[in-house]
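Taken in order, these protein sequences are the chains called A and B. 1 is the number of the first residue of the first sequence in the working numbering; add one for each residue after it. 1 is the number of the first residue of the second sequence in the working numbering; add one for each residue after it.
The set of hints was computed from the structure by calculation and includes no laboratory data. Each residue gets a CB set at the ideal place from its N, CA and C atoms; glycine is no exception.
Residues from chain A shown here face chain B by an in silico Cβ test under 10 Å; the list is partial: (1) Gly109; (2) His135; (3) Val157; (4) Asp221; (5) Gly223.
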Amino acid sequence: MKPQPLARSLFVRYLLVAIVTFALVYPMIVGWLIPQVSREIEQRQIQLGQAIVGQVQAQLAGPAFALEGISRALEAKPALAGDALEALLDGFLAQAGGFSSLYLLDPAGRVMAVGLPPARRELRADLLGLDFSRHPLWRIAHESASTHWTDRFLSAVDGGFTVAAARAAGAWTLIGELAFDPLVGRLKAVSAGGDLRTLLLDRRGRTLADSQRELPERLEDFGNYEFMRAPQRFVDQVLRFDFEGQPMLGMVAQVPELGWRVLVMRSAVSAYRPVRTASLILLGGLAVAVGIGLFGAALQARYFARMFARLSAFAGEVGRGHYELVWTPARIREVNALAAAVERMGRTVQGREAALAHSEARLRELNETLEQRVAERTAALERSNRELADALAHLRLAQDELLRTERLAALGALVAGVAHELSTPLGNSLMAANTVGDRTRALKRDLQTGLKRSTLDQYLADTEAGAAIIERNLQRAADLVASFRQVAVDRASSQRRRFALDEVVDELALTLRPSFKRQPWKLETDVAPGLELDSYPGPLGQVLTNLVNNAIVHGFAGRDHGTVTVRGRADGADAVLLEVTDDGCGISAEHLRRIFDPFFTTRLGQGGSGLGLHIVHNLVSDLLGGTVEVDSRPGEGTRMRVRIPRRAPDGPPSAGADTLDQRGG
Amino acid sequence: MPGWTRKMLRPAARRLVRRLWLLGAIGLLTACVPSEPVRIGFVGGLSGRVADLGSEGKDGALLAVEQANAAGALFGRRIVLMVRDDAQDPDKARQAVSELIAAGVQVIVGPMTSAMAEAVIPLADEAGVTLISPTVTGSHFSGRDDHFFRVVSSSAEYARTAANFLADARGARRAALIIDLSNAAYTVDWVEHFGATFAEHGGTVLRVERFSSAEQASLLPQVERMLHDRPDAVVAVAGAVDAARIVQAVRRRAGQIDLLIADWAASERFVELGGAAAEGVWAPQYFDREDRSPRYRAFHTAYVERFDTEPGAASVAGFDAANVALAALSAKTGASVKAQLLAQTRFAGVQRPIVFDRYGDAARPIHMAVVRDGRFMLVSDGERQ
Chain A
1 MKPQPLARSL
11 FVRYLLVAIV
21 TFALVYPMIV
31 GWLIPQVSRE
41 IEQRQIQLGQ
51 AIVGQVQAQL
61 AGPAFALEGI
71 SRALEAKPAL
81 AGDALEALLD
91 GFLAQAGGFS
101 SLYLLDPAGR
111 VMAVGLPPAR
121 RELRADLLGL
131 DFSRHPLWRI
141 AHESASTHWT
151 DRFLSAVDGG
161 FTVAAARAAG
171 AWTLIGELAF
181 DPLVGRLKAV
191 SAGGDLRTLL
201 LDRRGRTLAD
211 SQRELPERLE
221 DFGNYEFMRA
231 PQRFVDQVLR
241 FDFEGQPMLG
251 MVAQVPELGW
261 RVLVMRSAVS
271 AYRPVRTASL
281 ILLGGLAVAV
291 GIGLFGAALQ
301 ARYFARMFAR
311 LSAFAGEVGR
321 GHYELVWTPA
331 RIREVNALAA
341 AVERMGRTVQ
351 GREAALAHSE
361 ARLRELNETL
371 EQRVAERTAA
381 LERSNRELAD
391 ALAHLRLAQD
401 ELLRTERLAA
411 LGALVAGVAH
421 ELSTPLGNSL
431 MAANTVGDRT
441 RALKRDLQTG
451 LKRSTLDQYL
461 ADTEAGAAII
471 ERNLQRAADL
481 VASFRQVAVD
491 RASSQRRRFA
501 LDEVVDELAL
511 TLRPSFKRQP
521 WKLETDVAPG
531 LELDSYPGPL
541 GQVLTNLVNN
551 AIVHGFAGRD
561 HGTVTVRGRA
571 DGADAVLLEV
581 TDDGCGISAE
591 HLRRIFDPFF
601 TTRLGQGGSG
611 LGLHIVHNLV
621 SDLLGGTVEV
631 DSRPGEGTRM
641 RVRIPRRAPD
651 GPPSAGADTL
661 DQRGG
Chain B
1 MPGWTRKMLR
11 PAARRLVRRL
21 WLLGAIGLLT
31 ACVPSEPVRI
41 GFVGGLSGRV
51 ADLGSEGKDG
61 ALLAVEQANA
71 AGALFGRRIV
81 LMVRDDAQDP
91 DKARQAVSEL
101 IAAGVQVIVG
111 PMTSAMAEAV
121 IPLADEAGVT
131 LISPTVTGSH
141 FSGRDDHFFR
151 VVSSSAEYAR
161 TAANFLADAR
171 GARRAALIID
181 LSNAAYTVDW
191 VEHFGATFAE
201 HGGTVLRVER
211 FSSAEQASLL
221 PQVERMLHDR
231 PDAVVAVAGA
241 VDAARIVQAV
251 RRRAGQIDLL
261 IADWAASERF
271 VELGGAAAEG
281 VWAPQYFDRE
291 DRSPRYRAFH
301 TAYVERFDTE
311 PGAASVAGFD
321 AANVALAALS
331 AKTGASVKAQ
341 LLAQTRFAGV
351 QRPIVFDRYG
361 DAARPIHMAV
371 VRDGRFMLVS
381 DGERQ
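So that you can see chain A by itself, here it is in the shape it has in the complex (with noise of 0.2 Å):
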């Protein structure tokens, strides 16, 4: 990891402590704080909502209880009519019961009487005869026998809704109209203050009172809300709800015996407030101290980071090499004990300076025998250097001579060829020069005792025949010789000139015959009559002889029989083909790659100089500008091509087929 300022490092570890801190504390504020918190207020919701629906039935029991009182009173005085009926009607209202109005009903759903409270006395001929027999509360107060309650009611006096309660008095039926206004005015007493909204709701859920609103506006309706579709699964539960798309925290409870639902809510932000405040004092207060801590931290990063500059500025100077001097004392311990530390090391530094100097002599010393040793080295490489260089000519050298001994052995034997061939015709004509002497010697001695004809005539005819045998021989002598010494004039010069193939052939098959003789071993050629060649015949002589003479020494060692064949064909308007065949045991093919190299030889030791093949190479490539093709499998024979232009390339011969040459001759 980068490494980091000291500031910045002090920093992240304040940070960290930090958040370990919060991590520690908003856990604890979350899971426990604040749920208990929330489970207080949701207590006191309920106990809220149980209140004040005590408070709702206290205050619907004056009324019941005045309605029965009315009507046992009617049915007690039957026999009223007219003034007096209202009068007692307008008596019941003036008492604390909580009805706005009352109606008298007569059996056919008419009213007969109306008690109104004063302000709404003149109403009272717009109210008698009215008809309420198609209402449905006088349908079923009419029919039963106790106090029945309406959900709204539209009231006949202000037209507006109200609640209704009825209840048969004998044959008549009396309607009570609520008066909302003290029930609306306990609702206000005990929702007083905070935002608590009480409402008070009939059976269907539509609101009959409501704390927060003016008297007659009703306007909530509650029906489709889960709590009033099924009511038995929220008693004395904490409701949720939302109501105008505000969430709502609420309580409801059901007023006995009327059907009717007293709902006690509140906004559930401001029901959660204590609690969000509570927690907001504490993460603030949280993120206080954690924001003192890190203004230190800050502070406190600094004052280090200045000291550790001065240190490292103190540290800096001893090691530029300031050893005197001395540091003013801080006021931490360890940051001086560092200091002398520093200081310590100053000196120590300082002494191992000294014994460096001294060692650093001591080595210059040294370096300057060094290339001194460097330099008899070097002079003795230079000598073996120059001894390998002369190995090396030696070795050049050697390799020439071997050459030419190479050369001096195709010369022998070729002497010994020429030798050979010359003897026959020369002790012919010798043994003929013998004869007609031994002749000439009897015929004299015959002169001497008598010369007869026959003798005479045998002895010319001895002579004239010993003369054809003589002449003869020594013309074939004078053609070979005349032939050996253009073999030797092309060997040994090297010239170019016009020539024909089958007549080099010829004469070559002439010296090399004598090898053949006494062996086993055939020479053919085959030679297409008529190629005319402007090349070097003595090395294509040499080609061919040490080609003929490594089917020989290679091919038939140790076999009864062999035939090398050379043949000679045009290939093309421009080159020839020469081809040495034998059927000797081939080359093996690990052999076959190197058979051109030099020296290389398979019978070391045993007459080969492994150059006679190297040299073919190279007169064919250099001198005769062709090439040369070994196509051999073991067992098989050998087929050597040697393809050259029949125009040999211009310019003078490589200086290696040269020196070859000027050595041969």
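Given the coordinates of chain A, work out where chain B should sit on it, guided by the hints.
Chain B only, in chain A's frame:
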């Protein structure tokens, strides 16, 4: 980071740290509300003498919103109906509409009476909030390019139908009228058109009595004065509660006279409060209670189940108006509600489709109804003579 912290933050410790962060993040998230609901306003008279009309309209609109929420709401956003009472008081109506505009509604179902419409249309125009009224019929709102739409015909149509019926079918020539001045925008308009059409048939409006439902006062003097001129027909242009009282008062004094109430009063409450006197009272209305169409039957069943009472004309109108508002809001074009309404013009209604003209006014066929056996029934041709 230095070595010791690296050692401290071994995998297990790292996981712990990650969990603590996660806990913190969850704590912060739970403080947020997941998605803001779509708020639709409702304004109507829910207290005082016109509360019956407003209450029916509100119940209809509430049913529409609850059904839409049950069907998946608006792209997953809950719809909330914010209900406000205008108490048939222009100041309170303006206050209620301002509250709704401040709460961010785009469309308000309401108001329910013409007098309130007159008060709040300027506010709606200024804020660019669309009003879709279930029941306002005042004909001088017709043909104006404003943010006011209505799903019923203008009162002129009702008044003409009523006048034609009285003159042609009942042969009436002398009519006495009583009107509620607290909704003058509707009642005066109604009376003018009635008078004009009645005059075309050679009829005469003998007298137009006035009262204000905002004041609690006896109506008997007005009834006496109307009957004094011995009219063929008495016409009550008032809310249901007042009309019921007027009708009872008239019947007690002149049992056989032709009685006609304006469409405003033609609600179930009128029948309940009118008792036997309501029998044979005529009323023009577009609402067909005998409708057997599956669409209406489904609405009827849902309404009765939800509110335990029969739906009235205002219930159907409130339901239709709220559904028009929801249809406009659910169009994903991004256009304003007004533009959407004028672009689409045709919307499904419980009994008939609602087709707006370019001023946002709809027209519906109007029938004459009569109270028989405690129910409004359509007048058959046989009864016309």
